[in-house]
Amino acid sequence: MKRGILSYLCCLVPLVLFQACDNTIEPLVESESTNFALHGYLDMRTDQQIVRLEGLRPNILSEPVSLEGVEVSTIDHTDGTVVIWRDSIITLDNGTLGTAFVANFRPDLGHEYSFNVGRNGVTEGRATTRVPAPPVVLPATPVGESENMKQHLVLIGLKDQPTKVHMLYEVSPPNETERQVISVAYGDPGFLSNAGWELEISLGIDRFIILNALGLDSVTQDIRLHNVEMRATLFSEEWQTQGSEFNLENAHGFFGSIGVFDGGWDIDSSAVRKLGFIDNQQRN
Amino acid sequence: MIYAGIFVGNLLEAPPNQALRFPSPLIFGRIGKSRHERDGYGLMSIKPIWLSVALACFLAWFTSPVFAQDTSSLQGRVLDAESRLTLPGATLLLTRNGVQIGGQATGPRGRFEFKDLSAGTYVLTASFVGFQSKTDTLDLPLTERLDMYLAPVQTFLEEILVETQQLDESRFVAGLETIRSEDLSRVPMPDVSYDLAGYLVTLPGVVSTGDRGGQLFIRGGTPTQNLVLIDGMRVFQPFHVVGFYSAFPADIISYADVYAGGFNARYGGRISSVIDIKTRNGNKEKVELSASVAPFLSGAQVSLPVRKGDTSVMLSVRESLIDRVSPGLLGSDLPFRFGDRYAKLHSYLNQTSSLTLTALQTHDEGNLATGGDLDPDAYRKSTWKNAAYGMKYMYLPESQAVMTSLSVYYSSLKSRYRPTRDELRTSDIEDVLMSIDFTYLLGPNQIHFGIFGNTNFFDYKLGRLGTAGATGVTSVGSFIEGQFQISDYLRIEPGARLEIFSRGLKNSFGPRLRLIFQPGGQGGHHQFSAAWGRYHQQIVGLNNEQDVSDVFTVWAASPNNTPVPKAMHMMAGWKGRPLPWLELTTEVYRKNLSSLSFPVFGTVINKVAQFSSVNGYAQGIDTKVEITNQDVFFSLSYSRGFVEYNRPFQRAKGIFRPSVGGATYLDPITFNPPHDRRNQVNIMFQYQLGANKLGVRWQYGSGLPFTQVNGYYAGLSSEVEAGNTDFVTAPGSVSVSRADPYGSRLPSYHRLDVTYERKKTFTFADVTAMVGLINAYDRANIFEYNIFTGNRVDQLPIIPSIGLRVDVQ
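So the sequence lines, in the order shown, correspond to chains W and S. Residue numbers for the first sequence, in our numbering: 1 to 284. Residue numbers for the second sequence, in our numbering: 1 to 809.
Since the hints were made in silico from the structure, they are not lab data. Do not take every clue at face value.
To be verified - Reference excerpt, derived from the structure (chain S facing chain W, CB under 7 Å, subset only):
id, residue
1, TYR665
2, TYR713
3, SER717
4, VAL720
5, PHE727
6, VAL728
7, PRO731
8, VAL734
9, SER737
10, ILE787
Said to hold, decoys possible - Ranges between beta-carbon positions, derived for each pair:
id, chain 1, residue 1, chain 2, residue 2, range
11, W, LEU92, S, THR789, 20 to 30 Å
12, W, SER270, S, GLN650, 43 to 53 Å
13, S, ASN786, W, ASN94, 21 to 31 Å
14, W, LEU168, S, ASN786, 49 to 59 Å
15, W, ASP188, S, ARG416, 38 to 48 Å
16, W, SER88, S, ALA470, 46 to 56 Å
17, W, SER88, S, ILE798, 57 to 67 Å
18, S, ALA765, W, GLU26, 47 to 57 Å
19, S, GLN650, W, LEU138, 26 to 36 Å
20, S, ILE798, W, SER62, 34 to 44 Å
What the hints assert, rightly or not - Some residues of chain W that are not near chain S, with every Cβ distance over 10 Å (derived):
id, residue
21, ASP188
22, PHE191
23, HIS226
24, ASN280
Every residue gets a Cβ at the ideal spot worked out from N, C-alpha and C, and that includes glycine.
Can you build the whole structure from these sequences, using the hints too?
Right under this line is the structure:
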């Protein structure tokens with residue numbers, strides 16, 4: 001017991017003395033690999049993807065860290081596709097130079113991608129994102145009459161707010177064969193429930209918007225309705241949790257994805273007639 | 001009349017039937033001596049230290065219970081001389097040859113008993129509220145029971161109120177350390193006057209940010225979780241900007257109760273600790289005057305009778321000089337200025353009531369930019385001003401042992417802080433408290449009941465952060481606490497506090513419990529104590545925790561619909577006196593903490609725009625060894641502590657209002673907050689040789705946590721948020737990538753202070769001269785380090801110090 005205490009003291013005293021003498025502060029984490037800052041997202045709305053990349057600087061005033069030799073790639077973990085990105089020197093708005101990496105592809109709904117940054121084949125920083133999966137549209141039977149007619153929808157599988165929602169009505173004006181797509185903006189509608197994202201379509205009001213778009217009066221009855229679709233922009237989980245950087249490894253900043261969802265359904269024929277349209281939907 | 005409060009406070013806090021035996025008059029000759037004698041300037045003889053220690057060992061051994069022979073007991077009763085009824089709760093003091101042998105209070109039937117007394121002549125004094133004290137000289141052993149009859153007093157209050165505080169040294173209460181005014185002189189200070197702050201940092205479990213900033217962390221709690229009271233008045237910034245000094249001059253302090261946790265139900269509104277300071281009254285018979293001059297702090301204090309015997313006034317003024325003398329003394333600027341003013345009027349209104357008026361004002365001013373040569377462009381003048389005013393009326397009816405007090409207090413703190421030269425942050429808080437307290441004296445048991453109302457006003461502006469607000473919160477509540485002597489061995493102190501708020505928490509209920517167990521009964525050599533309680537804090541103080549030392553606190557009410565900070569304390573301890581000159585104390589504690597507000601540091605540098613809610617705990621063990629004899633005092637304390645916070649996944653909150661803009665979600669993390677000091681050692685040594693006194697203190701504290709940086713980059717999150725491609729060419733704002741929160745540690749803190757004093761007594765005054773060295777081996781202890789700029793500000797370098805004090809007779 002006594003020997004144990006003495007041994008403990010023999011270890012403790014030099015340790016305390018060593019600690020007591022050390023008077024330096026290391027403000028910077030020592031790391032052999034470079035930490036990166038990346039900002040960008042994969043966007044289904046375009047065929048060209050862009051991500052800004054920067055090596056972390058050791059202090060505020062130091063020059064940007066060279067990215068020479070840095071390799072950037074994305075891997076589509078759903079189908080295994082690998083895309084190599086190319087660097088591009090860009091002039092920033094303040095006249096200084098920055099580095100962006102560019103790749104030509106369009107991501108797919110529901111696919112998971114990793115964005116890898118490294119040197120000499122060794123990945124040093126990584127970011128992942130999953131483009132939101134397409135929801136299943138569950139339409140309810142329209143209710144109400146004329147301009148008050150509404151249809152309740154549940155987008156099953158969707159957990160976050162769909163944005164820039166548009167209803168796309170494909171119609172033919174009376175006595176014309178040419179089809180026109182009339183878009184009605186809904187903004188960021190609905191609410192989250194246990195079933196999914198729920199929202200309401202105002203079919204009665206949309207009819208007046210369609211008539212107005214076609215230059216017709218409100219009593220026109222013989223418009224043919226060919227197709228009904230919803231288009232919504234879906235943001236990945238990272239957009240809802242900004243600041244958390246949960247999807248970044250040895251990297252900082254932001255990396256997410258944007259998907260575009262197009263989904264259609266048939267409106268009940270009797271409801272179409274009540275709206276004053278001729279039902280010409282093909283999926284019936 | 002304030003002394004009536006003190007008197008009752010003693011009854012409430014001192015274990016009844018207390019009869020600790022002090023077998024060696026030599027060893028315990030300090031007890032009961034005059035102040036001069038206690039300070040070592042009176043009748044102390046000059047002895048080599050080894051002789052004292054050897055003699056003390058010998059006497060302690062020789063007079064220990066094993067060798068005690070031919071002992072007897074002294075039994076008796078205390079009775080009312082008129083009614084012949086027994087007097088439960090009367091106080092008895094037993095002395096022999098002028099040395100206190102023991103003291104106790106009578107039991108429910110007015111009985112008392114002193115055990116294990118050797119034969120000889122003793123003096124026994126009995127006293128009780130409303131009765132004249134009586135002293136008998138006794139030759140033991142007695143053949144029969146002793147009855148002492150006390151006569152009711154005619155001049156009621158004058159007789160019963162005790163003008164000097166006599167604390168029971170032997171009591172041991174888990175979580176509580178009672179500091180007497182004479183204790184303060186044991187700590188070397190940079191001037192000849194002493195200070196509570198200097199002593200507090202020597203207590204195990206108390207972590208200080210050092211000699212600048214004036215912040216104390218007590219057993220895992222933050223400074224804003226400490227309740228500091230002076231004569232019942234709340235003081236929000238209790239320490240001066242130079243951390244050596246509290247806002248309370250040592251000369252005015254009678255004693256201070258420091259509850260490191262597990263505090264009583266009479267205290268509320270804070271979740272960590274309580275520092276309850278009681279001041280002494282001015283002299284009602286003659287004028288007292290003292291003054292001291294020293295580079296750091298000079299002051300004067302006067303006490304004078306306004307109406308002789310009834311009313312006194314005490315005034316104290318202190319003012320720092322260090323900013324004016326530091327260039328010459330230190331070779332560099334020390335741009336801090338601070339001071340305080342204190343006034344107290346105490347009056348016996350009649351035989352049954354008294355009135356106390358108290359006022360305290362403090363001011364602090366400092367340039368926190370740097371402690372070295374100042375760049376005029378970097379000048380950051382920051383100020384703090386405390387004000388506290390109080391009135392207390394006490395009434396003690398002649399026929400009932402129920403003391404009533406009515407108190408009204410007002411406190412305020414106005415802070416002005418400049419994080420940069422061009423930015424000013426302000427925070428004001430005002431506090432109004434009214435209370436009525438009743439103390440029932442039921443023999444050896446007491447019940448304390450009170451009702452109170454409290455209103456706080458807050459006004460803050462956080463500069464360029466853009467957050468400003470003015471809010472308030474009002475509460476009413478009551479508390480009850482009891483002290484019940486179950487047996488000679490066991491005392492139970494249950495309590496509860498109920499408070500209803502106008503916002504936020506709505507209501508809180510805080511049960512409290514304390515147990516005190518003495519296996520050997522009164523006079524036993526070992527005591528055990530345990531305490532438990534639940535605590536809430538409705539008003540919160542928020543600091544920027546990323547700084548090593550941040551003296552700016554924003555006070556505000558907890559937001560509505562947000563859980564307020566809560567804590568549950570558990571602590572238990574043992575105090576033993578195996579030898580008369582040796583005292584050992586050990587305490588273990590755990591505080592479970594929940595719903596604490598903690599800043600969220602984003603990627604934007606120096607911006608604290610959001611807060612998170614964290615839970616956590618603080619636990620540790622504090623041990624202390626004290627050796628005391630006539631010439632030598634030695635104290636060694638060691639604290640092992642551990643503080644951990646955990647933050648669950650959540651959305652960050654704005655400061656006092658919902659966050660605007662995009663939501664920031666926070667990942668779950670576990671970390672050690674910046675006051676998690678794992679190891680702390682404090683050694684104090686004092687040697688008195690006649691009129692000479694040498695004081696030495698060495699402190700060691702292991703390094704505090706801080707957050708390292710991975711690097712810096714151009715932040716573009718706000719551009720990316722828009723979902724367009726503007727981010728591709730946006731220059732962005734300088735952002736920082738932080739490593740794991742508080743994952744690294746600063747260098748350890750240690751410092752040696754040495755002072756030497758010599759006192760000379762003249763017919764008209766006592767004159768004390770002091771020379772000293774603060775930070776004697778010039779340790780560069782860190783005070784502030786800016787991880788972004790690398791700018792480091794150290795605490796005070798080696799400082800030679802001199803001082804002169806005059807106490808006019």
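Hint by hint, here is what the structure shows:
1. TYR665: holds (4 Å)
2. TYR713: Cβ of TYR713 of chain S sits 3 Å from chain W, so the hint holds.
3. SER717: holds (5 Å)
4. VAL720: Because about 5 Å separates VAL720 of chain S from the closest Cβ in chain W, which is inside the 7 Å limit, the hint holds.
5. PHE727: holds (5 Å)
6. VAL728: holds (5 Å)
7. PRO731: holds (4 Å)
8. VAL734: holds (6 Å)
9. SER737: Holds: closest Cβ of chain W sits about 4 Å from SER737 of chain S, inside 7 Å.
10. ILE787: At about 4 Å, which falls below the 7 Å cut-off, the nearest Cβ of chain W leaves the hint on ILE787 of chain S intact, so it holds.
11. W:LEU92 with S:THR789: 20 to 30 Å: Distance hint for LEU92 of chain W, THR789 of chain S holds at roughly 25 Å.
12. W:SER270 with S:GLN650: 43 to 53 Å: holds (49 Å)
13. S:ASN786 with W:ASN94: 21 to 31 Å: holds (26 Å)
14. W:LEU168 with S:ASN786: 49 to 59 Å: holds (56 Å)
15. W:ASP188 with S:ARG416: 38 to 48 Å: holds (44 Å)
16. W:SER88 with S:ALA470: 46 to 56 Å: holds (52 Å)
17. W:SER88 with S:ILE798: 57 to 67 Å: holds (58 Å)
18. S:ALA765 with W:GLU26: 47 to 57 Å: holds (55 Å)
19. S:GLN650 with W:LEU138: 26 to 36 Å: 32 Å Cβ-Cβ, so the 26 to 36 Å window holds.
20. S:ILE798 with W:SER62: 34 to 44 Å: holds (36 Å)
21. ASP188: Its Cβ never comes within 10 Å of chain S, the nearest being 12 Å, so this holds.
22. PHE191: Label holds. Min Cβ-Cβ 17 Å, cutoff 10 Å.
23. HIS226: holds (31 Å)
24. ASN280: For ASN280 of chain W, whose nearest Cβ neighbour in chain S is about 36 Å away, the distance exceeds 10 Å, so it holds.
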